[in-house]
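Protein chains in written order, with this note's numbering: chain A, 1 to 245; chain B, 1 to 591; chain C, 1 to 291.
It is possible that some hints are incorrect.
What the hints assert, rightly or not - Subject to a maximum C-alpha distance of 25 Å in a straight line, what follows is the list of computed DMTMM-like cross-link-like pairs (lysine to aspartate or glutamate): (1) B/Lys469 - B/Glu324; (2) C/Lys91 - A/Glu70; (3) B/Lys529 - B/Glu324; (4) C/Lys35 - B/Glu295; (5) C/Lys91 - A/Glu68; (6) C/Lys35 - C/Asp187; (7) C/Lys164 - A/Glu129; (8) C/Lys164 - A/Glu122; (9) A/Lys26 - B/Asp426; (10) A/Lys237 - B/Glu583; (11) C/Lys91 - B/Asp426; (12) A/Lys188 - B/Asp586; (13) B/Lys463 - B/Asp487; (14) C/Lys35 - A/Asp103; (15) A/Lys188 - A/Asp128; (16) A/Lys237 - B/Asp586; (17) A/Lys188 - A/Glu234; (18) A/Lys26 - A/Glu68; (19) A/Lys209 - B/Asp576; (20) C/Lys91 - B/Glu300; (21) C/Lys91 - B/Glu183; (22) A/Lys120 - C/Asp187; (23) A/Lys118 - C/Asp187; (24) C/Lys213 - C/Asp129; (25) A/Lys237 - B/Asp565; (26) C/Lys91 - B/Glu295; (27) A/Lys26 - B/Glu295; (28) A/Lys26 - B/Glu300; (29) B/Lys469 - B/Asp414; (30) A/Lys76 - C/Asp187; (31) C/Lys189 - A/Asp103; (32) B/Lys469 - B/Asp333; (33) B/Lys529 - A/Asp32; (34) A/Lys26 - B/Asp523; (35) A/Lys191 - A/Glu132; (36) B/Lys410 - B/Glu183.
Hint data in this document are derived by calculation from the structure and do not stem from the laboratory.
Each chain, written out:
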Amino acid sequence: MTHTSSDDSADSALLSARGITAGYGKRRVLSDVNIHVLPAEVVGVLGHNGAGKTTLLKTLMRMVALIEGEINFHGKSVNRLSSVQMVREGMSITPATTPIFRDLTVFQNLELGASGVKDKGEVRRRMDEVFEIFPILADRRTSIAGRFSGGQQRQLSLGIALMAHPTLMLLDEPSLGISPAVVESTFKIIKDLARERAMSVLVVEQNVKAITAIVDRVYVLRNGAIVLEESGAEAHKREVWWDLF
Amino acid sequence: MSYYADVTISILILMTLGVSLNLLLGYAGRVSMAHAIFFGIGGFAAARLTLPTVDELGGVATAGLQTGASWHWFPALIAAMVIAFLAALLISIPAVRLVRGEYLILLTLAFQLVSNQLMGVLDSVTGGPYGLSGVPPIGFGDTILIRPEQFIWVMLVAAVLAIAACWGIGESPFGRLLKGLREHDSAVASLGKNPVVPELLAFSVSAAIAGGVGALAAFYYGSVVPSNYTLTYSIFIISVVVLGGLGNLWGTVVGAIVLGSLEPLLREVVGDSAIPWQAVIYGAALVIMMRLRPEGILPEGFGPGRLIGRRRGGRSQLVPTEQEALDRLLHVDPGTDPDAPPIVEVFDLQKSFGGLTAVNGASFSLQRGQVTALIGPNGAGKTTIFNMICGTLPADSGRVHLRGADVTGKPAYDLAKKGLARSFQDVRVFQRLTALENVAMGVQDQPGESFARLLLTPFAVRKAERRVKQKALDCLALLGIAERAHDRVNDLSYGDQKLVAIARLLATDCDVLLLDEPTSGVDPASVEKVISGIGRLRDLGHTVCLVEHSVHFVQRLADRAVFLDQGTVIAEGTVDELMERRELADLYFGT
Amino acid sequence: MDLSLLAQLTVSGIVVGSAYALLGVSFGIIYATTKIFHLAHAAAYAGAAYAAVWASNSLGLPFLAALVVGLAAGVLLGLVTEILFYRPMRKRNATLLTIFLVSLGISVAFPNLLQIVFGPDNQTLPRPDNPTIAIGSVTASRHDVVTVLVAWTLITLVATFVVKTRFGRSITAMRTNPTMAEAVGIDSKLVYTVVFVIGSLLVAVAGLLFTTKGVATPTMGLAPTLTGFIAAFLGGIGSQWGAALGGLLLGLLSSWSALFLQADYGPVVVFGAMFLILLVRPQGLLGKAAA
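Whole structure, please, built from the sequences with the hints as guidance.
As structure tokens, this is what we get:
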């Protein structure tokens, strides 16, 4: 990849990933990917189905083995950490499908979100925080999560992630399974959260127009490689996307 | 001398049982915890058939239960094998539905336990826990083979025959089918081959051989006792096969000799503790082997030939050039009738999953000789429609026509025989076979894949196999990977594995080929080869339909595209035409 | 129908069924969480029994202390199997068949090792008196009552632990949504360790209960392990109460079958039931169909 100006700021980045090559067995899903995320930044990852977006998030979370490359988080190398340790380091990941525990209550779901927190009092405090952000969850804290609507389940999934007090939230297709009207408000919540808590978000999305409205920067992945990096504003104005997908 | 002959006989029995189990466990990849039962079924059948009749023994009062039909040993041996064959068939027919491997282990385990219990309980058939004794030995005219030094020749012949038979079956095209089925049933079916029958046959043939040995053992030992056919013995046979090497008959020979000698050797050292010591040793060997070297002492494909440096796959054939292959391979006839309907037509396909409608009245057609791509945003239903055309998924309603004939809902292997075949997004090439063997499996109408023809016309099978191999080589050559023909697919790069899958499809001679995400997972460097490979399919006149998420690749691969959204067809046309339309971009990328 | 015979058979069915329930829960929690068909469970059963016998006969420990030694041995055997064998093999992506074969190897070697060390004869554990209690026309021994109490107490504790505590819920979470479990940082190594401790502890208790009533033999572990599997299967994999009820049902059935079948047919009924269920309804009687 040619040197871009963003490579300089990568050094003060919250997350910096260089030369990432990863896959499953023989399958090369990511080839020589460079991305970074600055503190309190919202970054989008776009691309066609199968381009490697989910694998990118999972690799950053250390759920997928690195074949080559360097991942630095909070200034230190995390190549050798396990995903359990990454949660403790302050990274969270919210999967695209079934991002909740369907058979457990809201309370129990959120409690599991704070799996690394031993102090019961602290867990309660964080839960109250989440209830303030998502009042619907507060009202129905003893309801079984599987009965909620798609939008409410998404809110719960964000709440679960917040319980770990992450500095970087990885979100995989948060608009999946929710109606277009609710998508906009969900994205607004994400943007507000990032700003209020000085938290960074790396969000994978298919819905190009909606996500480019709220992100600071955007990457486009195609067949495992980055083909574009630009500001959210430029991406939002872009007319032709076909060739990038 | 007698003692050593006796020990050798029990080793040969173990070897024959092991070889027959390897056919099932190693080649077909199916676990049976009940092999000792079929050994026992053969033994009891032979005993019951050859024991003297009540009259011969002087009436019911003196005869007790040890009576039979007084047959000659030879028909009894055959009958024993047939009975074991049928018993296995009866169990395996429902068992093949159990797709998950662990359920088959448990089912055969339950079968072993129930049957062994029944053997001890059904007094009138088996003589109860004490079994049957007085089974007449094998005789040729005046000579009765009762001493170990005599019987050892019978067992040697039997062992050699069994090994030869299992080798012949295992290394034949039929055996190749088994090896394919142990990895991907669905891929075998997609090539037009029935995925169920070969497995049933593997189960039953291995049981028949075990039953035959059971009969011979009955004739030699003169008695059959339920305590010989326990779970412990089934596990012992499994150990012989697994330690020796799954899929390697030489390994089973070595394994049987090693494990079979344990008890006699140990007896010299620890006397009566020989049996528990033997179990500790082979139990520990299983644990250590599986932990460190799961493929066994002799891995599959490793034989005496390898030791003298011969490459796997036999004599190296001349590698054909792409042009030679192009000339030899079947070019699809474009047909002369301009008014003929499109080769594939899809009418009003409908599919719902629970409350969710995935496909909502989709209709489109595929033009002969062209590459058509199904594109659309996430959740458009592309893969669902694709699977409905291929017969992988049944449609709720709607029709699929192939050359004007209704083929809706036909299973994959039926469609392949009619000229429509598919590839898989996760490739599903057979990792433990060579590239050539993979592609050879695609070739249609192979006499060697029929068990009956394999037995009855072995020479015709050999001749046909030469032609099959040549064709497979040509397909590989056309895709530019002929030099990898004898490499195990597991050793190939992912991109090359995708090419093998395409070559395999080519070998089916199906004119309509459906490719599922052909470029997914292929690194940027190898993608070009896949793209030109698909181009070759078009060169030969095939009609290609592909699901491809990357529009960029669709622009390079496809002549036409069908744009889907929310389960219906929004537009059809050339790729460039569709790219011009603003409303499609809005649908795909959001407004 | 002789009512007092029926009553007696029912009582003994409950006693046997309670032991089976314990076995079902012990096997079930391991199988449901790890998906491993842990045949080597038999080693924990027999190992606990023999350790107690050895502690009592060779070390001269009193009865209760010997039991504690037995429990420790059972848990240790289960833990060793998981940590030394299953875990490293999982890390190297071994197939389920290969892991099963390791379990098979252990279940073959261990009983024979016991036989070599302790001899093939029955081993007896010196135990306190076992007076008979009569309730109406039905009799039971004190040991029977202890069996029922201990079994259901432990089952209740485990079931409550899984449902009511945070860690217990994380075990269920791993089973039902492994992706999310990984995402929230639930440590699979810790979960597996706890599951093997619980399962091995329960099966050790079952082995000790059995030995206190009867004797210890080298091959004593296999049949209870299979019974435990059948019980868990009957009740639906993943449910502790399901496995317990499955065990109780099996116990009652095998006891009542004495009314019309010879004693020898008992195992035939049990294994035959397993065979038929696998054939017809692989997800078990109460379970959901496999995805």
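For each hint, the structure was consulted:
1. B/Lys469 - B/Glu324: With Cα atoms ~15 Å apart, B/Lys469 and B/Glu324 stay inside 25 Å; holds.
2. C/Lys91 - A/Glu70: Holds, because 22 Å separates the two Cα atoms, which is no more than 25 Å.
3. B/Lys529 - B/Glu324: It holds: about 19 Å lies between the C-alpha atoms, which stays within 25 Å.
4. C/Lys35 - B/Glu295: Roughly 22 Å separates the two Cα atoms, so the pair holds.
5. C/Lys91 - A/Glu68: 20 Å, holds
6. C/Lys35 - C/Asp187: Status holds; Cα separation ~17 Å.
7. C/Lys164 - A/Glu129: Answer holds: C/Lys164 to A/Glu129 is near 24 Å, not above 25 Å.
8. C/Lys164 - A/Glu122: Roughly 19 Å between the alpha carbons, so the hint for C/Lys164 and A/Glu122 holds.
9. A/Lys26 - B/Asp426: 11 Å, holds
10. A/Lys237 - B/Glu583: 17 Å, holds
11. C/Lys91 - B/Asp426: 23 Å, holds
12. A/Lys188 - B/Asp586: 21 Å, holds
13. B/Lys463 - B/Asp487: 23 Å, holds
14. C/Lys35 - A/Asp103: 20 Å, holds
15. A/Lys188 - A/Asp128: 21 Å, holds
16. A/Lys237 - B/Asp586: 13 Å, holds
17. A/Lys188 - A/Glu234: Measuring from Cα to Cα gives roughly 19 Å; hence the hint holds.
18. A/Lys26 - A/Glu68: 14 Å, holds
19. A/Lys209 - B/Asp576: Roughly 22 Å between the alpha carbons, so the hint for A/Lys209 and B/Asp576 holds.
20. C/Lys91 - B/Glu300: 24 Å, holds
21. C/Lys91 - B/Glu183: Holds, at about 21 Å.
22. A/Lys120 - C/Asp187: Holds - the C-alpha atoms of C/Asp187 and A/Lys120 are around 19 Å apart, at most 25 Å.
23. A/Lys118 - C/Asp187: With Cα atoms ~14 Å apart, A/Lys118 and C/Asp187 stay inside 25 Å; holds.
24. C/Lys213 - C/Asp129: The given pair, whose Cα atoms are some 10 Å apart, holds under the 25 Å limit.
25. A/Lys237 - B/Asp565: 24 Å, holds
26. C/Lys91 - B/Glu295: 17 Å, holds
27. A/Lys26 - B/Glu295: 20 Å, holds
28. A/Lys26 - B/Glu300: Measuring from Cα to Cα gives roughly 21 Å; hence the hint holds.
29. B/Lys469 - B/Asp414: Status holds; Cα separation ~24 Å.
30. A/Lys76 - C/Asp187: 22 Å, holds
31. C/Lys189 - A/Asp103: With a Cα-Cα distance of about 23 Å, the restraint between C/Lys189 and A/Asp103 holds, given a limit of 25 Å.
32. B/Lys469 - B/Asp333: Satisfied, since the Cα-Cα distance of roughly 24 Å is no more than 25 Å.
33. B/Lys529 - A/Asp32: 20 Å, holds
34. A/Lys26 - B/Asp523: 10 Å, holds
35. A/Lys191 - A/Glu132: Holds: A/Lys191 and A/Glu132 sit about 16 Å apart, inside 25 Å.
36. B/Lys410 - B/Glu183: 23 Å, holds
Violated hints are absent here; each numbered hint is respected by the structure.
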